[in-house]
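S.K.: The lines below spell out each chain.
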Amino acid sequence: MWAILRIIIGSIFLVSGLGKLLSPYQNFLYVVQAYQLLPSWGEVLTAQVFPWIELLVGFLVLTGLWTSWGLRGALILFGVFVVVLGQALIRGLQLESCGCFGSWVHLKPQTVIIMDSASLLLTCALLCKISQAKKFSLDAFFD
Amino acid sequence: MNKLLSGVVIVLVLIGLVVGAKIYLGPKKIQINVQMARSKGNPEARVKIVEFIDFQCPACAFGVKYLKTFFEKHPNDMYIQVKYFPLTNMHHHAMVSALYSECAARQGKFWALDDLMIPQQSQWAQLISPEPVFQAMAEQAGLNIDQLNTCLASDDARKVINDEKSFGQSLGIASTPTYFINGKMVVGTKSLQVELKTYFPGS
Numbered sequence: 003m004w005a006i007l008r009i010i011i012g013s014i015f016l017v018s019g020l021g022k023l024l025s026p027y028q029n030f031l032y033v034v035q036a037y038q039l040l041p042s043w044g045e046v047l048t049a050q051v052f053p054w055i056e057l058l059v060g061f062l063v064l065t066g067l068w069t070s071w072g073l074r075g076a077l078i079l080f081g082v083f084v085v086v087l088g089q090a091l092i093r094g095l096q097l098e099s100c101g102c103f104g105s106w107v108h109l110k111p112q113t114v115i116i117m118d119s120a121s122l123l124l125t126c127a128l129l130c131k132i133s134q135a136k137k138f139s140l141d142a143f144f145d
Numbered sequence: 026m027n028k029l030l031s032g033v034v035i036v037l038v039l040i041g042l043v044v045g046a047k048i049y050l051g052p053k054k055i056q057i058n059v060q061m062a063r064s065k066g067n068p069e070a071r072v073k074i075v076e077f078i079d080f081q082c083p084a085c086a087f088g089v090k091y092l093k094t095f096f097e098k099h100p101n102d103m104y105i106q107v108k109y110f111p112l113t114n115m116h117h118h119a120m121v122s123a124l125y126s127e128c129a130a131r132q133g134k135f136w137a138l139d140d141l142m143i144p145q146q147s148q149w150a151q152l153i154s155p156e157p158v159f160q161a162m163a164e165q166a167g168l169n170i171d172q173l174n175t176c177l178a179s180d181d182a183r184k185v186i187n188d189e190k191s192f193g194q195s196l197g198i199a200s201t202p203t204y205f206i207n208g209k210m211v212v213g214t215k216s217l218q219v220e221l222k223t224y225f226p227g228s
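Here the protein sequences line up with chains B and S, keeping their order. Using the numbering used here, read the first sequence as starting at 3 and increasing by one per residue. Using the numbering used here, read the second sequence as starting at 26 and increasing by one per residue.
Since the hints were made in silico from the structure, they are not lab data. Fair warning: there could be bad hints in the mix.
[Claimed, not checked] Chain B stretches covered by chain S per the calculated footprint, using a threshold of three residues with CB under 8 Å from any CB of chain S:
| id | stretch |
| --- | --- |
| 1 | 25-33 |
| 2 | 51-65 |
| 3 | 120-134 |
Virtual Cβ for every residue (Gly too), placed ideally from N, Cα, C.
Just need the whole structure built from these sequences, with the hints factored in.
M.R.: Dropping the structure here:
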């Protein structure tokens, strides 16, 4: 069960990163700008770099290569999502879609913050059960 | 097998695959048809803008107003062309507003209707059926109402709108407003303002 959960969490990041990377970066820049949280240079940097981080974390967690580092990365990313979405909801920003999955899936921020909070807890649980989470992983193959 | 070496190789292969897919699936180049009725300005202008908009999208309305003000200051330096990108899953009146605009364009009245429709967007966007408001705007804009209604009933105008949206999707457009300024993709009004300032410093 823990290995399946690990694969699901990894797939979420992999799909999310791919969705953004295969679309022109300007689309994700528009999403980042909607959160009104960063200076202009920070928005451009985030739009260019963040999808690659999601892809890398997703790949590590999905395949179970350096699983514990991948899960720590996932934990940080979910934490960032919860904070960013939370501040947007508190400030009453008008976001039609969270922009989390590029142009592939449109979800309301209220829905996503619940999903992200649940995923954050699941990732914590996976880190606690790391030996079981490493089943069917590249770590299990190499170690 | 050495885990570190294998891991690094696997990650590099993944990055290579994504970069390859990005290049292979990359967006097409946009061409500007200067004959189009939904254009204004100098076709030889140094700044050519194609905007893909949804008439019910609030950011698009802001962008249209911003571009209009900018255009009034620099009429000989700009060429603007509008294309349809109705977000029908988000905005209930996206298609009908685009249909009225397309039918107005066929009578050479696109900009006249646009000047009425955009400033009043926040009002008609809340209506269950905005068509009586659009009909009144069409009359005010000087459209021939019989021709307008014939156009609205035909499938042809809808096909033009859907074809432009499909074309926009092939360019990588996911949201509105999306602009192509001298071919460079710019999404949203904040980026529009930043990009225009590079062409017109001090404006």
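S.K.: Which numbered conditions among the earlier hints are violated in the structure presented, ordered from lowest to highest?
M.R.: 3
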